[in-house]
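So the sequence lines, in the order shown, correspond to chains A and B. FYI, in this note's numbering the residues of the first sequence are 1 to 289. FYI, in this note's numbering the residues of the second sequence are 290 to 424.
The set of hints was computed from the structure by calculation and includes no laboratory data. All C-beta atoms in this analysis are idealised placements derived from N, C-alpha and C, irrespective of residue type, glycine included. A hint or two may mislead.
Claimed, not checked - To spell it out: a stretch of chain B is covered by chain A in this simulated footprint if at least three of its residues, at any positions, have a beta carbon under 8 angstroms from a beta carbon of chain A; those stretches are: (1) 295–307; (2) 338–347; (3) 355–363; (4) 373–385; (5) 412–424.
Unchecked claim - Listed next, with one range per pair, are the computed distances between beta-carbon atoms: (6) Arg305(B) <-> Asp273(A): 48 to 58 angstroms; (7) Arg300(B) <-> Leu54(A): 22 to 32 angstroms; (8) Leu407(B) <-> Arg89(A): 30 to 40 angstroms.
Claimed, not checked - To list a few chain A residues with every Cβ distance to chain B over 12 angstroms, as calculated: (9) Lys100; (10) Phe104; (11) Ala134; (12) Gly241; (13) Gln248; (14) Leu263; (15) Asp266.
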Amino acid sequence: MEIPYYPGCTLNTKAKGFDNSARASARELGLELVELEEWNCCGATFPLLVDNMLDLAGPAQVLISARQAGQRLAVACSTCYNVLKRTNRVIREDEDSREKLNFFLDADYGGDLEVLDLLQILRDEIGFDNVKEAVKKPLSGLKVAAYYGCMVLRPPAEVAYDDPENPHALDDLITALGAEAVDYSHQGECCGAYLAVKSAEVTAEMSFTILASAQRSGAELVVANCPLCQFNLDRMQKTMGSRHTGFQPIPVLYFTQLLGIALGLDSEGFELDRHYVDPRSLLEGANLI
Amino acid sequence: MRIRLSAEVLRNDLVRRVEEISGQDLLACYQCGECSAGCPVAFAMDMLPSQVIRLVQLGQVEEALESETIWLCAACQTCYARCPKGVDLSRIMEALREIALQRDGDYLDIRAIHPEELAEFPQQAFIGGFRKYTW
Ligand code: SF4
Ligand code: SF4
Numbered sequence: 001m002e003i004p005y006y007p008g009c010t011l012n013t014k015a016k017g018f019d020n021s022a023r024a025s026a027r028e029l030g031l032e033l034v035e036l037e038e039w040n041c042c043g044a045t046f047p048l049l050v051d052n053m054l055d056l057a058g059p060a061q062v063l064i065s066a067r068q069a070g071q072r073l074a075v076a077c078s079t080c081y082n083v084l085k086r087t088n089r090v091i092r093e094d095e096d097s098r099e100k101l102n103f104f105l106d107a108d109y110g111g112d113l114e115v116l117d118l119l120q121i122l123r124d125e126i127g128f129d130n131v132k133e134a135v136k137k138p139l140s141g142l143k144v145a146a147y148y149g150c151m152v153l154r155p156p157a158e159v160a161y162d163d164p165e166n167p168h169a170l171d172d173l174i175t176a177l178g179a180e181a182v183d184y185s186h187q188g189e190c191c192g193a194y195l196a197v198k199s200a201e202v203t204a205e206m207s208f209t210i211l212a213s214a215q216r217s218g219a220e221l222v223v224a225n226c227p228l229c230q231f232n233l234d235r236m237q238k239t240m241g242s243r244h245t246g247f248q249p250i251p252v253l254y255f256t257q258l259l260g261i262a263l264g265l266d267s268e269g270f271e272l273d274r275h276y277v278d279p280r281s282l283l284e285g286a287n288l289i
Numbered sequence: 290m291r292i293r294l295s296a297e298v299l300r301n302d303l304v305r306r307v308e309e310i311s312g313q314d315l316l317a318c319y320q321c322g323e324c325s326a327g328c329p330v331a332f333a334m335d336m337l338p339s340q341v342i343r344l345v346q347l348g349q350v351e352e353a354l355e356s357e358t359i360w361l362c363a364a365c366q367t368c369y370a371r372c373p374k375g376v377d378l379s380r381i382m383e384a385l386r387e388i389a390l391q392r393d394g395d396y397l398d399i400r401a402i403h404p405e406e407l408a409e410f411p412q413q414a415f416i417g418g419f420r421k422y423t424w
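Excised from the complex, chain B in its bound form (with noise of 0.2 angstroms):
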């Protein structure tokens, strides 16, 4: 992937939008990796969790927004447990998934989830998935 890189872009809106909801300061990240190999969501993600940061860091929001990575976050926390500089990267997830909610709309809808399971799966569930998937 070619990025030009400017001033502009390393400091685009979206990047500053990302900063002030997740708290995180995004340069702290020096790409050691370790998230992405706690990560036990990553052999199922079409971007490691460091790759997300990675795009931020670099102006390219929309990239990460693109990617099911963020959809597929189950904000357990490993990455930042393990973190050497502590950047808490499931609060950038959450940072990723509030603009793409905002600006997309809902992830997830109640229609789409079979009667059986509606029936079958714990109430915590539904409320965790619905606070992470819909705004």
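Extracted from the complex, chain A is given alone in its bound form (with noise of 0.2 angstroms):
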């Protein structure tokens, strides 16, 4: 099965472990992500204002552009799933944005692409038994803890596929992959996005309170599904020690690698030692890479 893909930036520079970890798994799987031949920023965050059309165009023209290559669009990265899912929706229930942005882009374009986030594709069209029967080294006895963020959780009417307040969607995976996922209060909190180019302090206090969350509940490892929240949890760290006395460093993966490595496949492209927090010995020592 072949599904049009749309990376976004970070997963195209800065987060290729987690685009290489993306493609390999899905392909691993029977699903082929084609990238979309033509493509631009999403923006990042979702304009709040009423009428900011500027900031809709964006993530519209690439809307516009997945359309043409078919009636689906995949995206791995959540706030870049956040922000096009959104969009989309502004399109089609809103006739006056609708043609506002058509008319400045010179499009006819009226929303019925479906955004589909990697992780719903592998609950629903994949289905996490046929994970399970794909797993070679299964993770056993790894305590790991999904972490959720904001951006497939809110606003739930708009965006969720999960319980918002309760989410399990990644549990599952990992559960599937034979690992055992932590039950932790803190799965769906801010890890403070982009207050880290402002205020680092504040992103690292929040970074740590849902550290120390997963820690609590016996996490040894914690797998994401954005860049800026993967960045933050795990960059974040160097300077978390020196506010809370005894804190242990924690990996902090992206749900791809992790899916990768379990599915067996190599991870050389997964850049696992570009991470702060290196993952590789715990993976090491449970002889999975």
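Combine both chains into one complex, guided by the hints.
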């Protein structure tokens, strides 16, 4: 099965490990992610002002290109997913915005594209049972915290494909891979997102709260679905020790990296060496890489 | 804080502007505090999210613009997801940022970002940050 795919700016550069592991894992599961021939940045945040047509134009252009490639679009980065999904809804449901954007972008798009998060496709189209069958290296004994962040949960009516207050799609995937998905309270709490560029200390504190919650439940590894969440949770650990005595570093992977490893794929392109907290000793210790 | 209220104060131009560009009915908020209780950045804010909307309800937009809170809001949408009245506070925060940016100029100067951070941070952080902090 083939599906048009939008990688987005960060997966194309800093988060190559996310992109490579997503494509390789999908392929192994019989799903070919076909990158859009032409695409641009989605804007990285959904514009929250009524009538902010300028900031909607970027994601709208992505949707228009995607619609030319097919009926559906797969997105791995949860932030891109959120922005594209919300923009698509505006185009579909708000006639005034639809007309303005189409006029500005010289298009005739009605919002009938289906924007899908990669995890959602794994759950609904591949099926976690089939993922489980395809596992070559079960992650037995590994305690993993599924971190959802904001973007696949909120606003619930617009983007959620899971219970927004108690999500479990990623936990279910982790379980299918043979690992133990730990239950913890902060799985959908914000990591600080773009606050990082202006208020790094606040971001570090927010990320610490999440990691500490996961660690209290016994997690030895966290998986994320967004390059900015991954970055904040991972890099901000540099300063956590000085504010919170006794803090122990914990590796933060993309869920697709863990998926690829469990599927027995060569992790060469997964860039496991580019994380701040090196996950390799944990994975080697479990005989996974 | 002592506030003198009148019809003019309650419906002043700035209040109307916040209402117009956020698309929110400010008076729908009945001050239950659910937004502040769930806000993950509340610990760092000088004014709680529910206090920001209260000030705007009372025509005190200038006060709200002085608050660090509007710059600390991460647009995580938790307040909106949980508000029993369906108020999208993240849009009110964005409206206040917009008014502040138009009036006072950019809140973030790229030259103030440490070169090491410029090299390391993902693109997404900068694009998102500049969307929220510059005009
Ligand atoms: S949750 Fe909604 S109604 Fe309650 S204080 Fe916040 S904005 Fe007002
Ligand atoms: S959107 Fe802003 S105000 Fe609302 S909960 Fe998130 S950080 Fe707090």
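Hint-by-hint comparison with the structure:
no.: 1; hint: 295–307; result: violated (count 0)
no.: 2; hint: 338–347; result: violated (count 0)
no.: 3; hint: 355–363; result: holds (count 3)
no.: 4; hint: 373–385; result: holds (count 6)
no.: 5; hint: 412–424; result: holds (count 10)
no.: 6; hint: Arg305(B) <-> Asp273(A): 48 to 58 angstroms; result: 55 angstroms, holds
no.: 7; hint: Arg300(B) <-> Leu54(A): 22 to 32 angstroms; result: 29 angstroms, holds
no.: 8; hint: Leu407(B) <-> Arg89(A): 30 to 40 angstroms; result: 34 angstroms, holds
no.: 9; hint: Lys100; result: 16 angstroms, holds
no.: 10; hint: Phe104; result: 19 angstroms, holds
no.: 11; hint: Ala134; result: 30 angstroms, holds
no.: 12; hint: Gly241; result: 18 angstroms, holds
no.: 13; hint: Gln248; result: 22 angstroms, holds
no.: 14; hint: Leu263; result: 26 angstroms, holds
no.: 15; hint: Asp266; result: 25 angstroms, holds
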